[in-house]
Amino acid sequence: MYTTIRELRETSGMTQDELARKVGVRRETIVFLEKGKYNPSLRLARDVAGVFGKPVEEIFLFDDEETAGETGGAEKTGN
Amino acid sequence: MFSSIQKRYLYRIVIGIIFITGGVIAAFTLPDDAVITTIFLTAGIVFLLTGILRHRKNRDGPESDERSKKIGAWGLSYAWLTGLIAACILFWLDYLGIFRVSAQSGYGLMVMILALSAVVYQAYLFRKGDVC
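Line order of the protein sequences matches chains L and W. Numbering of the first sequence is given in our numbering, commencing with residue 3 and proceeding in unit increments. Numbering of the second sequence is given in our numbering, commencing with residue 59 and proceeding in unit increments.
Pulled out of the complex, with its shape left as it was, chain L reads as follows (with noise of 0.2 Å):
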């Protein structure tokens, strides 16, 4: 799995204890967020999202989805 976390987080000039803090969660756990090597709960994943004003599938992406994405092998379905 690969976040966008870091990357939004830095923009937005937020460090990693502020954004624990307003999702409810530990500091490790952002860390590990981060690193992609924590798979979040639906909750998480959307506060998460919801802090940063974006949809879920924006800041999760899987390794699956990264591939069809660079072969455009994959299309996004929906209007």
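The hints are simulated quantities; they were obtained by calculation from the structure and are not laboratory data. Misleading hints may appear alongside valid ones.
[Claimed, not checked] These stretches of chain L come out as covered by chain W in the derived footprint (C-beta under 8 Å, 3 or more residues):
{"#": "1", "segment": "17–27"}
{"#": "2", "segment": "32–41"}
[To be verified] Dumping the calculated DSBU-like pairs for lysine-lysine here, alpha-carbon to alpha-carbon at most 30 Å:
{"#": "3", "chain 1": "W", "residue 1": "Lys115", "chain 2": "L", "residue 2": "Lys37"}
{"#": "4", "chain 1": "W", "residue 1": "Lys127", "chain 2": "L", "residue 2": "Lys39"}
{"#": "5", "chain 1": "W", "residue 1": "Lys115", "chain 2": "W", "residue 2": "Lys127"}
{"#": "6", "chain 1": "W", "residue 1": "Lys65", "chain 2": "W", "residue 2": "Lys128"}
{"#": "7", "chain 1": "W", "residue 1": "Lys186", "chain 2": "L", "residue 2": "Lys56"}
{"#": "8", "chain 1": "L", "residue 1": "Lys37", "chain 2": "L", "residue 2": "Lys24"}
{"#": "9", "chain 1": "L", "residue 1": "Lys56", "chain 2": "W", "residue 2": "Lys127"}
{"#": "10", "chain 1": "W", "residue 1": "Lys115", "chain 2": "W", "residue 2": "Lys128"}
{"#": "11", "chain 1": "W", "residue 1": "Lys65", "chain 2": "L", "residue 2": "Lys56"}
{"#": "12", "chain 1": "L", "residue 1": "Lys39", "chain 2": "L", "residue 2": "Lys56"}
{"#": "13", "chain 1": "W", "residue 1": "Lys65", "chain 2": "W", "residue 2": "Lys127"}
{"#": "14", "chain 1": "W", "residue 1": "Lys186", "chain 2": "L", "residue 2": "Lys39"}
{"#": "15", "chain 1": "W", "residue 1": "Lys127", "chain 2": "L", "residue 2": "Lys37"}
{"#": "16", "chain 1": "L", "residue 1": "Lys37", "chain 2": "L", "residue 2": "Lys56"}
{"#": "17", "chain 1": "W", "residue 1": "Lys186", "chain 2": "L", "residue 2": "Lys24"}
{"#": "18", "chain 1": "W", "residue 1": "Lys128", "chain 2": "L", "residue 2": "Lys24"}
{"#": "19", "chain 1": "L", "residue 1": "Lys24", "chain 2": "W", "residue 2": "Lys65"}
{"#": "20", "chain 1": "L", "residue 1": "Lys24", "chain 2": "W", "residue 2": "Lys115"}
{"#": "21", "chain 1": "L", "residue 1": "Lys56", "chain 2": "L", "residue 2": "Lys24"}
{"#": "22", "chain 1": "L", "residue 1": "Lys37", "chain 2": "W", "residue 2": "Lys128"}
{"#": "23", "chain 1": "W", "residue 1": "Lys115", "chain 2": "L", "residue 2": "Lys39"}
{"#": "24", "chain 1": "W", "residue 1": "Lys65", "chain 2": "W", "residue 2": "Lys115"}
{"#": "25", "chain 1": "L", "residue 1": "Lys24", "chain 2": "W", "residue 2": "Lys127"}
{"#": "26", "chain 1": "W", "residue 1": "Lys128", "chain 2": "W", "residue 2": "Lys186"}
{"#": "27", "chain 1": "L", "residue 1": "Lys37", "chain 2": "W", "residue 2": "Lys65"}
{"#": "28", "chain 1": "L", "residue 1": "Lys56", "chain 2": "W", "residue 2": "Lys128"}
[Unchecked claim] Here are a few chain W residues that face chain L, going by a calculated C-beta distance under 7 Å:
{"#": "29", "residue": "Asp90"}
{"#": "30", "residue": "Asp91"}
{"#": "31", "residue": "Arg125"}
We put the beta carbon where it would ideally sit given N, CA and C, even for glycine.
Starting from the structure of chain L, add chain W where the hints point.
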């Protein structure tokens, strides 16, 4: 000074001080009974240290969150499985006469295996970041 400490850590520190005080009193009033003194002092030191360390680490942030709860639960599950396997091995070793173990030693061994394996599994999972 104490107003900045979360209540749960303050309780730990106070309980630790009470246990240590009890241990010191027991050491003077019951000089022949080293077991009570040791238990009181050990419990007191553990409560005191965990209270101080957790306060220093977490400050006013949450002590646990979904990740730590998940890892805690998985660590205990792995420890339970390890304990079950260890109990089976101990049973067969004793049954076949390879390693005779008294009930007291068996219980002591199981307590150590369960507690230590839980700590080891949880430490490993915390370093890893997630359970899978």
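### Message
Output the indices of the hints that this structure fails to meet, ascending.
### Response
Of the numbered hints, 11, 27, 29, 30 do not hold.
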